[in-house]
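Asker: Keeping their order, the protein sequence lines are chains A and B.
For the first sequence, the numbering used here gives the first residue as 208, with consecutive numbering after it.
For the second sequence, the numbering used here gives the first residue as 4, with consecutive numbering after it.
Calculated directly from the structure, the hints in this document are not laboratory data.
Incorrect hints may have been included.
[Claimed, not checked] Pairs of lysine-lysine, DSBU-like flavour, derived with a Cα cap of 30 Å:
#1 Lys-746(B) / Lys-798(B)
#2 Lys-44(B) / Lys-108(B)
#3 Lys-423(B) / Lys-487(B)
#4 Lys-798(B) / Lys-714(B)
#5 Lys-441(A) / Lys-487(B)
#6 Lys-543(A) / Lys-746(B)
#7 Lys-242(A) / Lys-306(A)
#8 Lys-354(A) / Lys-368(B)
#9 Lys-687(B) / Lys-674(B)
#10 Lys-487(B) / Lys-481(A)
#11 Lys-305(B) / Lys-354(A)
#12 Lys-543(A) / Lys-537(B)
#13 Lys-487(B) / Lys-448(A)
#14 Lys-241(B) / Lys-209(B)
#15 Lys-448(A) / Lys-35(B)
#16 Lys-634(B) / Lys-307(A)
#17 Lys-424(A) / Lys-487(B)
#18 Lys-293(B) / Lys-244(B)
#19 Lys-543(A) / Lys-634(B)
#20 Lys-424(A) / Lys-445(B)
#21 Lys-35(B) / Lys-475(A)
#22 Lys-674(B) / Lys-711(B)
#23 Lys-306(A) / Lys-634(B)
#24 Lys-293(A) / Lys-281(A)
#25 Lys-481(A) / Lys-41(B)
#26 Lys-543(A) / Lys-241(B)
#27 Lys-429(B) / Lys-448(A)
#28 Lys-481(A) / Lys-35(B)
#29 Lys-593(B) / Lys-354(A)
#30 Lys-424(A) / Lys-241(B)
#31 Lys-475(A) / Lys-23(B)
#32 Lys-86(B) / Lys-156(B)
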Amino acid sequence: MDIKEQLEQIKKNALDMLNSDSDLESIRVKFLGKKGELTAVLRSMGQVSPEDRPLVGKHVNEVREAIEQAIENKKSSFMEKAMQAKLKAETIDVTEPGKKPEIGHRHPIAQTEEMLVDIFVGMGFSVVEGPEIEYDYYNFEALNLPKNHPARDTQDTFYITDNILLRSQTSPVQVRTMENTKPPIRIISPGRVYRADPADATHSPIFHQMEGLVVDKGITMGDLKGVLELFAKKVFGENTKIRFRPHHFPFTEPSAEVDVSCWECGGKGCRVCKGEGWVEILGAGMVHPFVLRNCGIDPDVYSGFAFGMGIERIALSRFGIDDLRLFYENDERFLKQF
Amino acid sequence: MILSMNWLNDYVDVKDIDIKEYCDTITVTGSKVEGWEKMDKEISNVKVGLIKSVEKHPNADKLVVCKVDVGMDRDLQIVTAAKNVYEGALVPVAISPEGAGLVAKVHGGEIKTGKLRGELSEGMFCSIAELGLDLHDMPLAIEEGILILNESKVECKPGDDVVEVLKINDTSVEFEITPNRPDCLSVIGLARETSASFDRPIHLHKPVVEEAGGDIKDYVDVTISDPKCSRYCARVIKNVKIAPSPIWMRMRLKASGVRPINNIVDITNYVMLEYGQPMHAFDYSCISGKKIDVRTAREGEKFITLDNEERTLSSDTLVIADAERAIGIAGVMGGANSEILESTDTVVFESANFDGTSVRITGKKLNMRTESSGRFEKGLDSEMCLEAVERACELVTLLGAGEVVTGSIDIYPNKKKVYKVPFEPKRINEFLGIYVSPNEMKAMLDKLFFSFDGDDLVVPSFRDDVRCMNDIAEEVVRMYGYNKVEASRIVAQLVPGGLTPLQQFRRKICTLLCGIGYDEICTYSFMSAKLYTKAGWKEGDESTKSVEISNPFGEDTKTMRTSSIPTMLEVLETNATRSVPSVRLFELAKVFIPRENVVTNIHGLEGTLPEERQKIVLGTYGSGNDFYTLKGTVESLIDSAGIKNVRFVANKEFSVMHPGRCADVYINDVKLGTFGELNPTAAKNYTFSSRVYLAELDLQTLFENIQKSEKYSQLPKYPAITRDFSFVCGEETAAGDLAETIKNCDKTLIEKIELFDVFRGGQIAPGMKSLSFSVTLRAKDHTLTVEEADRISRKIISAASFKHGAEIRS
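Bound-form chain B, shown alone (with noise of 0.2 Å):
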């Protein structure tokens, strides 16, 4: 909403109050101001002038000389390339004569004294475009040329300053309005806060129309067919005269925002936005059978609006129709078949007062939006529909713009009822931790127009926003001042606050990573379908089955993710494009897996949430980092989670990876996750020049594995016996289930056993491979004798043999 000052001064005098304060009060009681312009700022120095003589320039031929008197002691002489000016002309002139100490200022730039070809200028004429203005403004004047303020009906005279005679003397204020109070989408609706905010008087007038004889039920009959409109009123004006209208009421609607057009469409913008009430104006002659319905909409109805755009209606569109067809769209737009003309003779103007909920279906089903269906979507007040109509009447009388025929028309099925709130000075001042006192708070809601019935608050028409307490405390305190409420601290009982075990363990997560050097990222949780195939998923794969968003931007903000991995590389990748050599990079990802027919709710709501999965994804390339750093960190993690049946096994089948460097981790029989290196046929989608590896480990299912006791065990007591064992073995025999062999050669005195050494190729014949282990073994009840390790020894050496043909390196 804009606002003229000027305009909202005829209601409410605050012409002593700079506007900055203006601004910064208002905003304070909650009408929030979003900026404000003065539209004069571009001009000043520029005065009314008569043309007294025009005589040729000495020195140029295009160049004409003018005696001007701009109502000083002397004439001035200023020099002009115009063609339209003539003696006897009142023209704007910006002036600058020497020695004044004026600074002339127009759109465009500063005017200075100054000669040209010789002969003394002492100002300049200027155009509508210099003082800001366009035709729509100035229909009278002409764009290549000097405005004559006689020729644009201007009443002035010589030394008039020209911002006031045109005007142009107004401030814009611009208002965010919030969707609770279209009773500020107004002039009026902002002079009644205004009024209240600086407490100062506001003088409303009740239109008074002259009526011009005739009947209005001799011309229309209205009907109202469908309860979404509650009601209607009408006015007919007859011996109508399209003309511009006069210039104090277009630079007001140009102060708002509003383009003028003419005197009839002119008065419903200028009603709209002084009462916030949307007006529409039919041509009579075009209203077929002098009837007026309003009903909705035959199923596929075509209309074209006055955008002479066509549109197809539907069922429940609400339309204003004549006897046989619509003429517009119930407060969104009029048609083209009832628009007003030049040639229009007499006009229908319409008041009316539409279902907020029905304005916004259909505005959103033909995508128009208008400032007329803007207001009625936020639901206004059917109490001022004929004030405004009556309004407008009062208007065409006072532009000379038609005769208003004698009735009006007011169809009001059933009154709006009255709201009350029980008024509660107590309960308000608890609830905002203040004290007003209870006369001092009637003071402040009957500057808001709220009334009293016993000890019941009664809710003024246009306040459909007030229903209950809190509506009336808010009401209170933005009068009172948000400000001045003071701090306090709650007083309640003791509620244990802090982090689940859950988020505490993801805290720990992140440090760990970070510590091991990972950096954390943050990616989209949606993303575009092609990122599954490019990331090596087969097309239709199932696991790619994905939640998908009916309204995205487009393919890249439909999917939402089934997993973690094609953000991840592609945010590795677009570090890699950057050349940074080499990344280490986790998130906690969530996840969406589709489900169906699962009850997530209570409300017996229709469809079922996806299950969302929180996933560890980790994402390396570059020096430093292969499958085995991957797998470390892997299990680094297991190992903080204090879990220790975890089984590793080699996954051939996952298309993202490298068949022969990808891993499940399993903890027992659940899957933990997957890891590995990018498979290189995916990694030809990405412009990757090293090695990726992956890993993506389910948060969830680690968290609930924790196996941390919270006890002590004993340090050894007793010394340890290492031995170490070269064993060479076929390919195909996993370190693994070597490893798992020698451990069950005795479960008690073997402590550890580690993998120190994996070698090929030398004495070591093709296919096969060496490799050494480091077996720590302890009893905890006494010192290990030679005897005891060598039987254990025997026992490993003759089990790796039996089980996978492993022979001790000679």
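Isolated chain A, as found in the complex (with noise of 0.2 Å):
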């Protein structure tokens, strides 16, 4: 038997082994060790003549290659089977529950006052809040309300002494504001206010209000308009249209209800919109020039315009909430959807 064939034969008896046995170690060096057939071979290699020593040589290393080479595959494959079983050891029912941490909610009123302020943080706006409990004068007679004024009745009012109330409106932080700064003034006033309403589906004796107020040089009833169209477009959608009706407020003139077009039906008629197509959402005006000047400024340098919401009524309408109690009432399972 020639060197060639030898080797071959060990090969096949090396390849052979490896599909019977499984202890690869010992296959190796029974083949591959110091003392293994394949050493013995190159031992022999005295024997071999000087010209054919170079393709002898490449030849034990073919076959060294090739028994090294399935051993690894064989180690591989092992492993593979035993990764294969431990794998299908720990599979586990991923349909069963996960352990979640409970992540509790913000208030509905909170998250949609914050979505309002920062709409018109966005736009430039201040955040500027006030005590509740405020004077008479700030709540109404700076606000060209003075004592007396029919236009006192449509609002009624929680009173701690003949002077001092439960703000029923935030705009004394906008009297507060104009009296301690000086123009340009971009500010909101999101915050807590009393009406003496009794609690029902529609009404409740607290209620949060936001107001903003601007007052610079050249300010016009069209940029009124511009920031209010804005506001109604990221609240309520970019295709919502606003519409003006003339109104009376004593502290701006001229004053107007705000509509936005019905965001459920789009302005064809709904139940949301009682069929109007319009929603009505807030109250607006050019700032009244008694109240510019009785806060120390100007109405013939400046001219301002100020807007009030409800933010109760626009967390009803994203929330498509029915009754006004809910939110006050604080139920966990209703806090917990939002």
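Using the hints, build the complex out of the two chains.
Answerer: Printed below as a string of structure tokens:
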């Protein structure tokens, strides 16, 4: 048997053994070890003619590599099998419930307020707050509503004393701001307000308002419309339109009630807009010169606009809630929905 | 204000305009329509019928068969059970003859041709109720039976449409008139608005009075003794014949929401609706001494008003008095002592102007609000008094209700001032952001009865709401169209907007609490004072002294809370009673602390505003919640503010909390708040089935102590050594104190101390406990040696033993 045949035989034997035996290490020793069969062949290289040696050497190496590769393949295949077995054994029921950390929820009114605030902050407005227990002066008198003014009838107010009351609007914050700040003024004042309306599905003695005020040189009624249009699009969607209806507020002139096109039906008329196609959402107007002058701002130099909206009203529409009382009941199952 | 469209059409003809379009347009120009209703919407095909024969029904004793002429080519047959029909009577018939394709409708439903006990009936005779009327509208009719038109003196003939002959063919439009426009609380006021809005002519009518002789001066003398009455006009009517007013007047009153009474009273109401000028009629025979004086009442004077209520007047109440006594409360209501009765023979009409504020105060004091006072309190135009009373006289003659005594009384000491406003078209355009040419603007204002005096606009006397440029701008823009104003972008200096640091911090707190499972609640800031004691406060506790509302609905809305805990407890209880097994809730809640004599304003206003503080209130119950999880939340909040120097001190005194499970938190020496378990004694006042944990921290204090450094500190370069110590000590030894002792053993090398186990029982003697601490040691500048660690360990052990008698557990 020449050396070439001998090598082929070794290779065959080794591969056969690998197919039947699993002890990879003893196979490696038997064929590739120091005393292994292939090593023995190498040792017998002396008998090979010098010109044949490179060829035989190459052949030996080929056989060695083939055996090593076969052993390596076998090893990987064993590991793969072991891994498969392990993975199988470790399989779990992924449909069992997760271990979920309980997450809390912001109150829907707070969420709505935050959304509104962010819209106006984006337009460069500052957020100003003020006391909820206020002087009659700031809540009414400075706003062109002297005592015994008939327009006071439209708001039933809770009083602490003759001069101190629970603010019925966030407008006193505007007055305080105008007293303390020189124009340009661009503020919103979100907060709690109080009216002596017993609680029912659409009324609450406590609710939240957000008012805005802009005072500067050259502010126009068109600017008011521009700001409110942007706002309406952000809250109710890009296709929202707004409509102004003349109204009366003592602290603005001209004044308007502002409707937005119904977000439910887009203006065709539905249950939400009571068939009108429009939903009243806020009041607005150009700041009355009496109010400006009263706060030390010259109405011949400056003009401004103001607007106000009920946060609950927007929250109700946004979430499709039909009873205001749910907001103040704080049933956890309600709170968890937002 | 409810407007009769028929009445409006007397002044401005808008008959051709669809009612919906009318309402939409007039709303957009400033007179808001709340709704409208056609008075005859329930009625159709009801004709006047002449009964030609009445015969017994062959098959029914209680029915009769009538032949009726309804203006058709043949007579109809109607079967009725009514008892009051007779040959020759004119009656309303709802007709629906077979094949005519007519559907008759009345209040109560559709009427169809059918057989009644075998006899054909081609319609139905109508009662007043079936026409939507009552005995006030048709005083000569009867309720049970058919309306006999000739008995009710209705002029008509067979075939006439009943809706027209009875003037039911009207539409009522309800307006929401804002308080600045009392002039629009009248047909004429709304006619002016209609004329301007639709650009149609207005037909104003100057009343013509037919005087019947005599001299009013012989009847009555009028004086004004108080300036709160700016004008008083009067007329006297003699030979009065009290009767129902004619159907057209009754139906206009009805369409305007006013109930007809009798001709004289109806005339005063008619004029009030037409002009907006409240009027009053006194029975002349009840006026003592031929004298009318407008004066203030005597304090405590008793007076019985028309509604038969006895009122106690005060010295600021303006009254109409005769020589002896009050006969009316000015602008509010007349007196029972001078009421118009069936027997009234001579009447004094009053048309006067009273100060709005005075009427308002009187109305409030007496708790009375009438059609009249509701108008006066908004401030009426004194210029219209005389014309209104003239109109009343004209109507008296027209209705044949009496004879007008020659002469009128008009006491008008100071004629109303005429107001002028500069006409500034350029400024108005700039202010509105529109362009209307000065001539167009003039035309708009002209339609609204403004006139010009050089460069000034003369404000009509009925427009007391117009005093400055803004007011004129509003007139212009509402006529131009609010919705034609183009939206524009503010062109102005940039101003830095955004949230203040405190507002940002509040959002952060909310985000953090939501992140660890707390749901936010929103509660009322007022409550019943009873909730303090329910929550465990002692009666009269100083901290429950609250700001109180002087006009609450009741106890529940009276007390402005000084603590956010009672309202939190109510919400927890609501959830517990609804079987929510466990909750974690929070609120950023304002509390109101009364204070005195602190200047909180710059206008020298009376009284002091309370201090308003915002609290972070936490409330939990149910599984996963105990004292230490709540404490952990408090610690997380403090950590989020970067605050390090915090102390927790047991509080055994706060009656709301469990005396053994309550702590105060201090930042340095400033108290941040209190937390703990609801006192089991107080818990008995609630329906909780598990323990309740509460915390109240002061948001402002937390915010003011924020210690967040913006700079980073280097990560440690050298390894740490950790040593565990299990000490056995007495129950009285607080873990926090022991940890503090450990900390003080080496302030530079001790990095962290952690209590990882508390153990009682087993080998630990009763009254003792085992506290296991893990102490991390690290040096900043070198690898700590075992010797250094051993030295600190020995120091810790001896300090624990020395200070607390704590020994290492063997």
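Asker: Please go over all the hints and tell whether each is borne out by the structure.
Answerer: Structure-based check of all given hints:
Among the hinted pairs, Lys-746(B) with Lys-798(B) is consistent with the structure: their alpha-carbon atoms are about 11 Å apart, no more than 30 Å. Annotation: proposed proximity of Lys-44(B) to Lys-108(B) holds, straight-line Cα distance about 9 Å (limit 30 Å). Among the hinted pairs, Lys-423(B) with Lys-487(B) is consistent with the structure: their alpha-carbon atoms are about 28 Å apart, no more than 30 Å. A C-alpha spacing of about 34 Å is found between Lys-798(B) and Lys-714(B), which places the hinted pair above 30 Å, so the restraint is violated.
Restraint check for Lys-441(A) and Lys-487(B): satisfied, since their Cα atoms lie roughly 22 Å apart, inside the 30 Å limit. Distance check on the hinted pair: Lys-543(A) and Lys-746(B) sit about 43 Å apart at the alpha-carbon level, beyond 30 Å; violated. For the hint pairing Lys-242(A) with Lys-306(A), the CA-to-CA distance comes to about 59 Å; that exceeds 30 Å, so the pair is violated. Taking the CA atoms of Lys-354(A) and Lys-368(B), the gap is near 15 Å; set against the 30 Å cutoff, the hint holds.
Proposed proximity of Lys-687(B) and Lys-674(B) is supported: the alpha carbons are some 29 Å apart, at most 30 Å. For the given pair, Lys-487(B) sits about 25 Å from Lys-481(A) by alpha-carbon distance, which is consistent with the 30 Å threshold. Note on Lys-305(B) and Lys-354(A): the hinted pairing holds, with a Cα-Cα distance of about 27 Å set against a maximum of 30 Å. Taken as a hint, the Lys-543(A) and Lys-537(B) pair is honoured in the structure, with Cα atoms around 28 Å apart against an allowance of 30 Å.
For the given pair, Lys-487(B) sits about 13 Å from Lys-448(A) by alpha-carbon distance, which is consistent with the 30 Å threshold. Distance hint between Lys-241(B) and Lys-209(B) is fulfilled; the C-alpha atoms sit about 23 Å from each other, no more than 30 Å. A distance of roughly 20 Å separates the Cα atoms of Lys-448(A) and Lys-35(B); the hinted pair therefore holds under the 30 Å criterion. Using a Cα cut-off of 30 Å, the hinted pair Lys-634(B) and Lys-307(A) holds, with the two alpha carbons roughly 22 Å apart.
Under the criterion of a C-alpha separation no larger than 30 Å, the hint pairing Lys-424(A) with Lys-487(B) is consistent with the structure, at around 23 Å. Between Lys-293(B) and Lys-244(B) the alpha-carbon distance is near 22 Å, which keeps this suggested pair within the 30 Å criterion. A hinted pair counts as satisfied when its Cα atoms are at most 30 Å apart, and Lys-543(A) with Lys-634(B) qualifies at roughly 24 Å. Under the criterion of a C-alpha separation no larger than 30 Å, the hint pairing Lys-424(A) with Lys-445(B) is consistent with the structure, at around 26 Å.
As the CA atoms of Lys-35(B) and Lys-475(A) are separated by approximately 21 Å, the hinted pair is consistent with the 30 Å bound. With a CA separation close to 19 Å, the supplied pair Lys-674(B) and Lys-711(B) stays within the 30 Å bound. Only pairs whose Cα atoms come within 30 Å are accepted, and Lys-306(A) paired with Lys-634(B) is accepted, the gap being roughly 23 Å. Simply put, Lys-293(A) and Lys-281(A) have alpha-carbon atoms about 18 Å apart, close enough for the 30 Å limit, and the pair holds.
Of the pairs offered as hints, the one joining Lys-481(A) and Lys-41(B) holds, with about 20 Å between alpha carbons and a cut-off of 30 Å not exceeded. A C-alpha spacing of about 76 Å is found between Lys-543(A) and Lys-241(B), which places the hinted pair above 30 Å, so the restraint is violated. Proximity of Lys-429(B) to Lys-448(A) is assessed by CA-CA distance (about 29 Å); at most 30 Å being required, the pair is judged to hold. With a CA separation close to 17 Å, the supplied pair Lys-481(A) and Lys-35(B) stays within the 30 Å bound.
At most 30 Å may separate the alpha-carbon atoms for a hinted pair to count; Lys-593(B) and Lys-354(A) meet this at roughly 28 Å. Taken as a hint, the Lys-424(A) and Lys-241(B) pair is broken in the structure, with Cα atoms around 65 Å apart against an allowance of 30 Å. With a CA separation close to 16 Å, the supplied pair Lys-475(A) and Lys-23(B) stays within the 30 Å bound. Restraint check for Lys-86(B) and Lys-156(B): the C-alpha separation of about 20 Å stays at or below 30 Å, so the hint holds.
Hints 4, 6, 7, 26 and 30 from the earlier list are contradicted by this structure; the remaining hints agree with it.
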